[in-house]
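For the sequence shown, numbering that gives the first Met the number 0 assigns the number 0 to the initial residue and increments by one for each residue that follows.
Worth flagging that the hints you see were computed from the coordinates, not collected in a lab. Mixed in with the good hints there might be a few duds.
Stated by the list, open to error - Pairs of lysine to any residue residues, derived as SDA-like cross-links and limited to a Cα-Cα distance of at most 25 Å, are as follows: (1) K60 / S33; (2) K117 / R81; (3) K60 / V100; (4) K151 / L182; (5) K151 / H17; (6) K93 / L48; (7) K151 / E130; (8) K60 / R12; (9) K151 / G51; (10) K117 / H17.
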Amino acid sequence: MRLDDFDFDLPRRLIADHPCEPRDAARLLLIPGSARLQDRQISDLPALLQPGDLLVFNDTKVIPARLVARRGAASIEITLYRDLRGGAWRGFAKGARRLRVGDPLVFTEDFAADVAEKHPEGDLTLRFDLEGEAFREALARYGAMPLPPYIKRPRGGDPRDRADYQTIFARAEGAVAAPTAGLHFT
């Protein structure tokens with residue numbers, strides 16, 4: 000199998016910028032064992048399940064892991080993806096090539112980080128000036144939801160995104176991407 004086996008044309012007009020309302024009105028493609036493909040809706044799922052079927056739900060809650068920093072006059076967009084504990088996070092940065100170890104990144108007057116390490120894979124480690132509850136509060140206040148790059152938003156995001164990109168099961172904080180298959184459940 001090759002990665003380009005998964006390439007396909009997806010016209011921009013077919014990409015939803017917001018979930019449908021109600022969420023369970025989202026389309027569901029049913030692939031029965033011997034019959035033809037069927038277009039259904041998520042709301043049809045309970046009637047399609049059989050005794051013994053197993054559903055697994057991701058209960059991870061998405062955090063607002065996208066931040067915009069200043070480094071001098073430059074604006075740097077950071078997407079955090081792994082908590083290394085103790086105030087350190089791995090993340091991706093647009094414009095990371097220009098960053099150097101030790102560079103300060105200022106998100107607001109009371110929230111900043113330094114570039115602690117640059118990795119060969121293109122990401123970096125940041126050391127924040129806050130950790131624990133203070134860090135989570137700053138992230139909630141200044142961060143935006145980490146939407147896929149094909150969903151366009153103004154800087155800072157859309158306030159609806161904080162609810163739209165959580166599942167009804169979300170409780171274990173820490174995901175940096177929405178478990179998209181679960182977004183359609185009500």
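Going down the list of hints, with the structure as the test:
1. Note on K60 and S33: the hinted pairing is violated, with a Cα-Cα distance of about 37 Å set against a maximum of 25 Å.
2. A threshold of 25 Å between alpha carbons decides the hint, and for K117 with R81 the separation of about 14 Å falls inside it, so the pair holds.
3. This hinted pair does not check out: K60 and V100 have alpha carbons roughly 31 Å apart, beyond 25 Å.
4. For the suggested pair K151 and L182, the alpha carbons sit about 18 Å apart, so the restraint of at most 25 Å is met.
5. About 11 Å separates the Cα atoms of K151 and H17, which keeps this hinted pair within 25 Å; it holds.
6. Restraint check for K93 and L48: the C-alpha separation of about 44 Å exceeds 25 Å, so the hint is violated.
7. For the proposed pair K151 and E130, the alpha carbon gap of about 30 Å is over 25 Å, so the pair is violated.
8. This hinted pair does not check out: K60 and R12 have alpha carbons roughly 29 Å apart, beyond 25 Å.
9. With a C-alpha separation of about 41 Å, the suggested pairing of K151 with G51 is violated against the 25 Å cut-off.
10. A threshold of 25 Å between alpha carbons decides the hint, and for K117 with H17 the separation of about 34 Å lies outside it, so the pair is violated.
The structure fails hints 1, 3, 6, 7, 8, 9 and 10 (numbered hints given earlier, in ascending order).
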